[in-house]
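Chain Z is fixed; fit chain H onto it per the hints.
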Amino acid sequence: MKFDIQSISDILICPKCSSNLLFQNESISCNNCTFHFTIDEGILLSNPENSITDNRILKEKEFYEENPFPNYDELESPFSLISKAERANFPKQINDLLPFRIRILEAGCGTGQLTNYLSFSERQVIGTDLSVNSLKLGNEFKNKHSLDRSMFIQMNIFEPCFCDESFHLVISNGVLHHTPNPELAFQILTKLLKKHGYIIIGLYNKYGRLSTHIRRIIYNLTGSRLDFLDPHLRRKDISEIKKQMWFMDQYKNPHESSHTFEEVIKWFESNNIDFVSAIPEFDFGTTNKNIFAKQNIGTELSRKLKQLLMVFKRYNEGGFFVVIGRKRA
Amino acid sequence: MKNVILGISAYYHDSAAALVIDGDIVAAAQEERFSRKKNDSNFPSKAIVSILKYAHIKPEEVNLISFYEKNFLKFERLLETYHSFAPIGLESFLKSMPVWIKEKLFMKKLIRDELSTIGFDKNIKIIFPEHHLSHSASAFYPSPFQESAIITLDGVGEWDTASISSGNGHKIKLLRTMEFPHSVGLLYSAFTYYCGFKVNEGEYKLMGLAPYSNPNSKSVNEIINKIETELVKIHNDGSIVINLDYFNFPVGLTMTKDSSWEKLFALKRRKSDSALTQEYADLAFAVQKVTEKIFLAMAQTAKDLTGSTNLVLAGGVALNSVANGILLKSNIFENIWIQPASGDAGGSLGAALTAYHIYLDKHRIVEQPDKMKGSLLGIEYENSDVENVLQRWEYQYHHITSKDELYKLAARYIADGKVVGYFQGRMEFGPRALGCRSFLADSRIAEMQSKLNLKIKFREGFRPFAPAVMEEHAQSWFDIEVPSPYMLNVIPVKEDLCNPLPEDYYNMGLMERLYFKRSKIPAVTHLDYSARIQTVNKDVNPHFYGVLKSFYEITGCPVIINTSFNVRDEPIVSSPDDALNCFMKTDTDILFLNDYLIIKSEQSIISDEHLSDFGREK
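Residue numbers (my numbering), protein chains in the order written: chain Z, 1 to 329; chain H, 1001 to 1618.
Isolated chain Z, as found in the complex (with noise of 0.2 Å):
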């Protein structure tokens, strides 16, 4: 499957307009308005920032200039980005249980590194992100190893530059919640999903979130002198650079919302998304680590119990839980 910005102009609009695009050589420009793609070794920037007028934006884009999260300092090759995914299991588990030959867009990739894990098969996944600096760091893991089925574009969540239906899955891990409207970015992610396609998200939760919110207010009193009160902060199988880019993106984002299970289950109503499963699992007693075979949804009961576990118990980031759907037709 040949994967390059030309073999994509079939899903891909006007941010700005979603008129149709203009591809002459080098430059891709909107049909209708003024907007264009500058491109930047491959990076497709729709340079946002200026038409950006919700500050709470500007500033979260400004942090991860500033701070591209995760880095890529210890992965030298495929391999041991590969070995990374393994150890973490979520991405090696979705890795494992997609289909091949499917488009899938990363919304928020960061600095893409499930982006190009997941393109290590033969997929084509696009990595999108805000920040450039993030958006570089993958782009230059993917050129160094010469991997053609992944790609990076700059994009705002709230302008999308694809089609409807483009995506086959739609991954939005961590990110919603650094948004000024979750529910608004998720309805955008949804239509951007082929008619039972799937989408997967990773959201703070408002119980499991509470220990890290108590944790922002005592850094906030003494500075990062308490860093002990973290368990991440305490590890000694990762590295300083990592601890402290930890402690930025938890502790000092400048903005972030955290959700119920009962939100998110509105939300997938709503946008006529059918819930297949969760991580945390929403009921009792579901074993199944197939993340796209249905789940029992549970009960608003269960659902509650298992938030309130979320507090005591220590899932990954502090809080986090995850929820695969999957478009109605």
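Honestly, I wouldn't trust all of these hints.
Ranges of calculated distance between the beta carbons of each label pair, as one might list FRET restraints [stated by the list, open to error]:
hint, chain 1, residue 1, chain 2, residue 2, range
1, Z, Ile214, H, Leu1244, 47 to 57 Å
2, H, His1399, Z, Arg56, 54 to 64 Å
3, H, Ile1599, Z, Asn143, 19 to 29 Å
The set of hints was computed from the structure by calculation and includes no laboratory data.
C-beta: ideal position from N, C-alpha, C; glycine also.
Frame of chain Z, contents of chain H only:
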């Protein structure tokens, strides 16, 4: 009535089944190829069902089951070992005993229960030859020798860790054994563990790492000296005594006593995901040298005891192709034959052959070049099976109706620098892909090693690749006088094909050294100018030979890279479905599936109907 014997190995690692009918090796396969779990140790039900189906044999037609080891003896060894070390090892004892008491101790019942689920009679006769007899039988009976010395070497069987026997006709006479815990296999595995690789899987990696050492450096010689004075005493006859002050494997859950090793080598045990440094390469090299020394001494003893000019080998240590190459060059024996499935999987074949030749006392007919049929003993698929899979998943494909045309096309793609997945005929038995479930590529392209490692196999960049060469051209390209059909010997590349090392070679980094272009076939030339060679005979493996011959006609080079058709930590592909999954998982350009050609760049995005394929494990 035919004697239909099913050999089984299971419950330790790499389970397998082998079918022997009237002394003929009809079929054999490892369970991992069907279960898709690397080194699967479960009862090999799927392998049994598949090989019986291939041979058109019904379960009720099987007269005898032969299991590759005696479990009571193994249990006795465990009990005695725990008793000798008590109270040390209590944790390990408490972990292993319930499994033994519940399951393994009553092996006959366990096997019968498993067999009955796949259609066998509950009362079928089962015999249990000893572990090292199974290995000896797997080495001797298929070999081309009427009489021979036999050496088996592995981690541990019941009590034995190594054996020397003599084989004559259909008789095997045990001459000498070495007993647990004194084991060359476990010594090697301890270093595998200490260098951060998985035991029973990472031994190849340790062997591949060894050439990154500087063999003449003072530090390497010091390490060898430390191993021989502190870790293991090597007797002149090749027997060894392990110093248990340094090892934890007899009763512990780990291989080494890390604090003692740290003190001895001034080096911490490597974590599996941390960088490989020169120190670990030096350790790998040192233990390789020690292994070779033991190996040669043992071979000399076998020669002295038997007086034979022939030697056959089996057991996991016989897969150490570097040591095999040294043994070949030593001329202790005139002729050497090594069982290609030397690990425990081959125990199933040995068990079946033991049952036929020893238990049933049946004569043996020696065949040339051997009775292994090129180790192509697995199952095969019809073109219709392949076409069904291709159509089901909407692949674009081309049907190549002439085999000659197929060989030429494959060779052309390889010569053009493409990586070709090659799936033809019967699957190989044993750990090596011998050209029927292989990735093939051009050995003349230096960058091919890193491409194959990083983007096809997804593994460490230092891992070497092996060359396959047309048998009649082997002597012109490699320093070898006899065929090496099973990729079990590491031998030098011909000197006139090699480039000299630059002066600052040993000051270069590990990876810089790797990328130095050593010879005309750099992608398969190891750092020490050696190669793990497979010679391909046109009658034994015609599908593979055809590609080599066409490649030779195009390029004038009869050597191509042959590496197993799998990615890291996965078993070699077995079915067309497996092959397509592996093809799509990697940067492989071209796939030949029986008579069908699939070109990666011609494939398109799947239709929406296939969205139901999410969640299908591959």
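Hint-by-hint comparison with the structure:
1. Ile214/Z x Leu1244/H: 47 to 57 Å: holds, 52 Å
2. His1399/H x Arg56/Z: 54 to 64 Å: With a Cβ separation near 59 Å, His1399/H and Arg56/Z satisfy 54 to 64 Å, so the hint holds.
3. Ile1599/H x Asn143/Z: 19 to 29 Å: 25 Å Cβ-Cβ, so the 19 to 29 Å window holds.
Hint compliance for this structure: no hint is broken.
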